[in-house]
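**Q** Chain residues, written in single-letter form:
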Amino acid sequence: MINIVTAYPDFLDLYGEYSAAKLLERRLTDAGRNVRVTELGFGRYSDLEAADMVYFGAGTEDRILAVLSHIRLYSEQLKAFVERGGLLEASGSSMALFCRTVTDTRDGKTYEGLGLFDAEAVITPKRRYGELICSYSGRKVIGAVNSSVDFLRGSGQEALFTVLWDSSGRFQKGSGEGFRAGDSVFASEITGPLICRNPFLLDEIAEKLAGEKLPECRELWYMESLKAYDHALDVLLKEARLKEEG
Amino acid sequence: MLDILTCKLLRAIGAKIGRGSSLPGMICRKIWPGSLKTLKLPEKVIAVTGSNGKTSTVAMICEIAEKAGLRVVCNREGSNQIEGITTLLLSSADPRTRKVDADVVILESDERFCQYTFKEVVPSHMVITNLFRDQLTRNGHREFVRGELRKGIPDSTRLILNANEPLSCAFGNGRKGTSYYGVSAPELMEEPGIIHAYDDGAYCPICGGKMEYSYRISGHVGAFSCGKCGYASPKADHEVTGTEDGKLIIDGKWEVAPQILNEAFAQNIIAAYTAAVEAIGIDPQKAAELIDGIELDNGRVVEFDLNGHPGRFMLCKHENSMAYNGAISTALRDPSEEVTVVFIVDRLSRKYVANDMSWLWDVDFNRFSDPKVKKVILSGGFAHDAAARMLVGGVQEEKLIIEPDLDRMMTAVAERSEGTIYVMTCFTDQYKFLDRLKKYGREAAK
Numbered sequence: 022m023i024n025i026v027t028a029y030p031d032f033l034d035l036y037g038e039y040s041a042a043k044l045l046e047r048r049l050t051d052a053g054r055n056v057r058v059t060e061l062g063f064g065r066y067s068d069l070e071a072a073d074m075v076y077f078g079a080g081t082e083d084r085i086l087a088v089l090s091h092i093r094l095y096s097e098q099l100k101a102f103v104e105r106g107g108l109l110e111a112s113g114s115s116m117a118l119f120c121r122t123v124t125d126t127r128d129g130k131t132y133e134g135l136g137l138f139d140a141e142a143v144i145t146p147k148r149r150y151g152e153l154i155c156s157y158s159g160r161k162v163i164g165a166v167n168s169s170v171d172f173l174r175g176s177g178q179e180a181l182f183t184v185l186w187d188s189s190g191r192f193q194k195g196s197g198e199g200f201r202a203g204d205s206v207f208a209s210e211i212t213g214p215l216i217c218r219n220p221f222l223l224d225e226i227a228e229k230l231a232g233e234k235l236p237e238c239r240e241l242w243y244m245e246s247l248k249a250y251d252h253a254l255d256v257l258l259k260e261a262r263l264k265e266e267g
Numbered sequence: 049m050l051d052i053l054t055c056k057l058l059r060a061i062g063a064k065i066g067r068g069s070s071l072p073g074m075i076c077r078k079i080w081p082g083s084l085k086t087l088k089l090p091e092k093v094i095a096v097t098g099s100n101g102k103t104s105t106v107a108m109i110c111e112i113a114e115k116a117g118l119r120v121v122c123n124r125e126g127s128n129q130i131e132g133i134t135t136l137l138l139s140s141a142d143p144r145t146r147k148v149d150a151d152v153v154i155l156e157s158d159e160r161f162c163q164y165t166f167k168e169v170v171p172s173h174m175v176i177t178n179l180f181r182d183q184l185t186r187n188g189h190r191e192f193v194r195g196e197l198r199k200g201i202p203d204s205t206r207l208i209l210n211a212n213e214p215l216s217c218a219f220g221n222g223r224k225g226t227s228y229y230g231v232s233a234p235e236l237m238e239e240p241g242i243i244h245a246y247d248d249g250a251y252c253p254i255c256g257g258k259m260e261y262s263y264r265i266s267g268h269v270g271a272f273s274c275g276k277c278g279y280a281s282p283k284a285d286h287e288v289t290g291t292e293d294g295k296l297i298i299d300g301k302w303e304v305a306p307q308i309l310n311e312a313f314a315q316n317i318i319a320a321y322t323a324a325v326e327a328i329g330i331d332p333q334k335a336a337e338l339i340d341g342i343e344l345d346n347g348r349v350v351e352f353d354l355n356g357h358p359g360r361f362m363l364c365k366h367e368n369s370m371a372y373n374g375a376i377s378t379a380l381r382d383p384s385e386e387v388t389v390v391f392i393v394d395r396l397s398r399k400y401v402a403n404d405m406s407w408l409w410d411v412d413f414n415r416f417s418d419p420k421v422k423k424v425i426l427s428g429g430f431a432h433d434a435a436a437r438m439l440v441g442g443v444q445e446e447k448l449i450i451e452p453d454l455d456r457m458m459t460a461v462a463e464r465s466e467g468t469i470y471v472m473t474c475f476t477d478q479y480k481f482l483d484r485l486k487k488y489g490r491e492a493a494k
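Chains C and U, in that order, are what the protein sequence lines are.
Numbering-wise (the numbering used here), the first sequence opens with residue 22 and increments by one.
Numbering-wise (the numbering used here), the second sequence opens with residue 49 and increments by one.
Looking at chain C on its own, in the form it has when it is part of the complex:
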């Protein structure tokens, strides 16, 4: 049985984030695995000892701060989960939870984060939206950053993706996006939702959970996801070329 825990799914619920767990469940089930999805949240306890993956989705800035305050109840369990190689993924603004500190410039307060990443998160009053093409393991990752959080990466912190193009200009070409810690903790500001829009990332995570290479998925939903990826990448490459041509 593969146990996936979705953290605060009805609270960190922006940009279709709930679908990441749904797709993982579907991909693994189609490959013949048994999957259980449980929820961790306000008033909902989930046993992280039995978890194989914990997923945090994007939320509003105020909700990230509320979760930061509540998740401390689980900080020891989460650390133990990560130490034993459990897969932790954070998407969008929830990346802030795992930084060393979270500073809210709206009131000047700084909060201690869970410290899995050598980075500082800074909530600003300004929102930015950008569509990105990044590279990861020789593949192109697509999606959007819709956020008002700045991330200041410490010198020891490894990035997850390399930015090839950002429609907003916030990320320079060649700069890093997202964070990773070892082979099991991943975070990216990119939503889409990330693994829905990038089926090869879905495969990679599903295979990590299954512990082996999965047979190729021939289900219609998956084939449609591949076509959707091809179309979206084509559109973004055209946008990038148009912008670069001025």
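Simulated from the structure, these hints should not be mistaken for lab results.
All C-beta atoms in this analysis are idealised placements derived from N, C-alpha and C, irrespective of residue type, glycine included.
It is possible that some hints are incorrect.
Computed cross-link-like contacts, DSBU-like style, restricted to lysine-lysine with a CA-CA straight-line distance of at most 35 Å [as the list claims (entries may be wrong)]:
| # | chain 1 | residue 1 | chain 2 | residue 2 |
| --- | --- | --- | --- | --- |
| 1 | C | Lys100 | U | Lys258 |
| 2 | U | Lys480 | C | Lys43 |
| 3 | U | Lys258 | C | Lys147 |
| 4 | U | Lys365 | U | Lys92 |
| 5 | U | Lys420 | C | Lys43 |
| 6 | U | Lys420 | C | Lys147 |
| 7 | C | Lys194 | U | Lys399 |
| 8 | U | Lys199 | U | Lys224 |
| 9 | C | Lys147 | C | Lys234 |
| 10 | U | Lys420 | U | Lys486 |
| 11 | C | Lys161 | U | Lys447 |
| 12 | C | Lys43 | C | Lys248 |
| 13 | C | Lys147 | U | Lys486 |
| 14 | C | Lys259 | U | Lys447 |
| 15 | C | Lys248 | U | Lys276 |
| 16 | C | Lys147 | C | Lys161 |
| 17 | U | Lys480 | U | Lys365 |
| 18 | U | Lys365 | C | Lys147 |
| 19 | C | Lys100 | U | Lys276 |
| 20 | C | Lys248 | U | Lys420 |
| 21 | U | Lys365 | U | Lys78 |
| 22 | U | Lys167 | U | Lys85 |
| 23 | C | Lys264 | U | Lys422 |
| 24 | C | Lys130 | U | Lys258 |
| 25 | U | Lys365 | U | Lys422 |
| 26 | U | Lys365 | U | Lys199 |
| 27 | U | Lys334 | U | Lys420 |
Cβ pair distances, simulated, as ranges [what the hints assert, rightly or not]:
| # | chain 1 | residue 1 | chain 2 | residue 2 | range |
| --- | --- | --- | --- | --- | --- |
| 28 | U | Arg198 | C | Glu133 | 26 to 32 Å |
| 29 | U | Gln333 | C | His91 | 51 to 57 Å |
| 30 | U | Thr459 | C | Lys130 | 57 to 63 Å |
| 31 | U | Ile242 | C | Asp139 | 43 to 49 Å |
| 32 | C | Lys130 | U | Arg198 | 39 to 45 Å |
| 33 | C | Glu225 | U | Gly257 | 36 to 42 Å |
| 34 | C | Glu133 | U | Arg381 | 47 to 53 Å |
| 35 | U | Lys420 | C | Leu263 | 31 to 37 Å |
| 36 | C | Leu263 | U | Asp453 | 19 to 25 Å |
| 37 | C | Leu235 | U | Arg198 | 46 to 52 Å |
| 38 | C | Leu263 | U | Ile254 | 56 to 62 Å |
Dock chain U against the given chain C, drawing on the hints supplied.
**A** Relative to chain C, chain U alone:
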């Protein structure tokens, strides 16, 4: 004087080249930045803002006011940012007296632009229809929009709020003179058992506590209450209390025939009625008579017939799940036993780089698994995204016709539809269907 004359001239010229709504205001604001503030406005200036329903609500308030014999100045053609409103008001003013020639000014305003517009034009009343997930590539999220909108509500303005929408309704907390409207008609309540993709009513916008609903109209719109801080739907001053023979019953006594009998239209009607009564001061019975049978000619709904199948084109908004959810509910309530749904998603924005498809996961597409829905035809460049989302949501594979090419989509609609056809898309993509429908009709007639 020169600002007004220039604006009138530019508007007349602009109208000939299709740039008459915003551009004149933009130019005048550059030359005379303070001119809007010095106009003499009538006592009644009603602003209407919110995520959904503002254009229809404005159109209805205008119609009631005009039928009541009042002279109305209104930006009913849209142009709801400060440049468009500058054009409207300067070109409606007398150059000598600077007086806007109207009994009532009705202004639709973009939620995020209220903070600029209403620094210069202070409305006597402001209707806030709701705050939904809308254009998230531009707006981020609802809480961000609420923060931006809050900056645009002048202290002296009296609010008219939707008692059933928790986030926007909270603007009335502790604010004197606020009026509320709502819908409590059992026939318009959401049937139990609908599983929504998300619930923006799960947590209290004031304290973050868990919220409960005694009924829901659609999504998080309904009679809410927070078990932690006590924030709850206020008592509505005016409400749709029931329906009878296809008519809405207002305040338990006035019968009003709506153009479309659904929850969204009911909310727009009661918002407009409340503004007419509370802001303009029209007698309630008279307001009900004037709003009865109003037909908005705004292309939001187009009825058609295709190869013997009755059809209904419903204009929605991409990146706005509530708009699509309303259309889905309407399709599922269609009296016929079989329904075909056509969903076109080709382009999100004419202005911005916007290819984000995350909003598809917020729409209740899982409801197309209903046995009444026989076919779902998907078209446009992002048809595959829509297909993946629907399949993961449980829509049966055999129902789907995935046809990104728009011409082939039209052939599929004409030849493979079953029952009543419901077409749902956004204004950015509407003519991709409507033009083909016309062409198909012409070719069929040959």
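**Q** Indicate, hint by hint, whether the structure satisfies it.
**A** Hints and how they fare:
1. Lys100/C to Lys258/U: holds (29 Å)
2. Lys480/U to Lys43/C: With a Cα-Cα distance of about 33 Å, the restraint between Lys480/U and Lys43/C holds, given a limit of 35 Å.
3. Lys258/U to Lys147/C: Distance of about 29 Å is within 35 Å: holds.
4. Lys365/U to Lys92/U: Satisfied, since the Cα-Cα distance of roughly 31 Å is no more than 35 Å.
5. Lys420/U to Lys43/C: holds (25 Å)
6. Lys420/U to Lys147/C: Judged against 35 Å, a Cα distance of about 46 Å means the pair is violated.
7. Lys194/C to Lys399/U: holds (24 Å)
8. Lys199/U to Lys224/U: holds (18 Å)
9. Lys147/C to Lys234/C: violated (43 Å)
10. Lys420/U to Lys486/U: holds (27 Å)
11. Lys161/C to Lys447/U: holds (32 Å)
12. Lys43/C to Lys248/C: holds (19 Å)
13. Lys147/C to Lys486/U: violated (45 Å)
14. Lys259/C to Lys447/U: holds (33 Å)
15. Lys248/C to Lys276/U: Not satisfied, since the Cα-Cα distance of roughly 47 Å exceeds 35 Å.
16. Lys147/C to Lys161/C: Holds: Lys147/C and Lys161/C sit about 28 Å apart, inside 35 Å.
17. Lys480/U to Lys365/U: Satisfied, since the Cα-Cα distance of roughly 15 Å is no more than 35 Å.
18. Lys365/U to Lys147/C: holds (25 Å)
19. Lys100/C to Lys276/U: holds (32 Å)
20. Lys248/C to Lys420/U: holds (28 Å)
21. Lys365/U to Lys78/U: Since the Cα atoms of Lys365/U and Lys78/U sit roughly 32 Å apart, the hinted pair holds (cutoff 35 Å).
22. Lys167/U to Lys85/U: holds (8 Å)
23. Lys264/C to Lys422/U: Between Lys264/C and Lys422/U the Cα gap is close to 43 Å, so the pair fails against 35 Å, i.e. violated.
24. Lys130/C to Lys258/U: Distance ~26 Å between Lys130/C and Lys258/U Cα, so the pair holds.
25. Lys365/U to Lys422/U: holds (24 Å)
26. Lys365/U to Lys199/U: Within the cut-off at roughly 26 Å; holds.
27. Lys334/U to Lys420/U: violated (41 Å)
28. Arg198/U to Glu133/C: 26 to 32 Å: For Arg198/U and Glu133/C the Cβ distance comes to about 30 Å; the hint holds.
29. Gln333/U to His91/C: 51 to 57 Å: Holds, since Gln333/U and His91/C (Cβ atoms, about 53 Å apart) stay within the stated range.
30. Thr459/U to Lys130/C: 57 to 63 Å: Since the Cβ atoms of Thr459/U and Lys130/C sit about 60 Å apart, the hinted range of 57 to 63 Å holds.
31. Ile242/U to Asp139/C: 43 to 49 Å: This hint holds: roughly 45 Å between Cβ atoms.
32. Lys130/C to Arg198/U: 39 to 45 Å: The hint (39 to 45 Å, Cβ to Cβ) is violated, given that Lys130/C and Arg198/U are roughly 20 Å apart.
33. Glu225/C to Gly257/U: 36 to 42 Å: holds (39 Å)
34. Glu133/C to Arg381/U: 47 to 53 Å: holds (52 Å)
35. Lys420/U to Leu263/C: 31 to 37 Å: violated (44 Å)
36. Leu263/C to Asp453/U: 19 to 25 Å: Hint holds: Cβ distance 23 Å, inside 19 to 25 Å.
37. Leu235/C to Arg198/U: 46 to 52 Å: Holds: the Cβ-Cβ distance is about 49 Å, inside 46 to 52 Å.
38. Leu263/C to Ile254/U: 56 to 62 Å: violated (45 Å)
Checked against the numbered hints given earlier, this structure breaks hints 6, 9, 13, 15, 23, 27, 32, 35 and 38; the rest are met.
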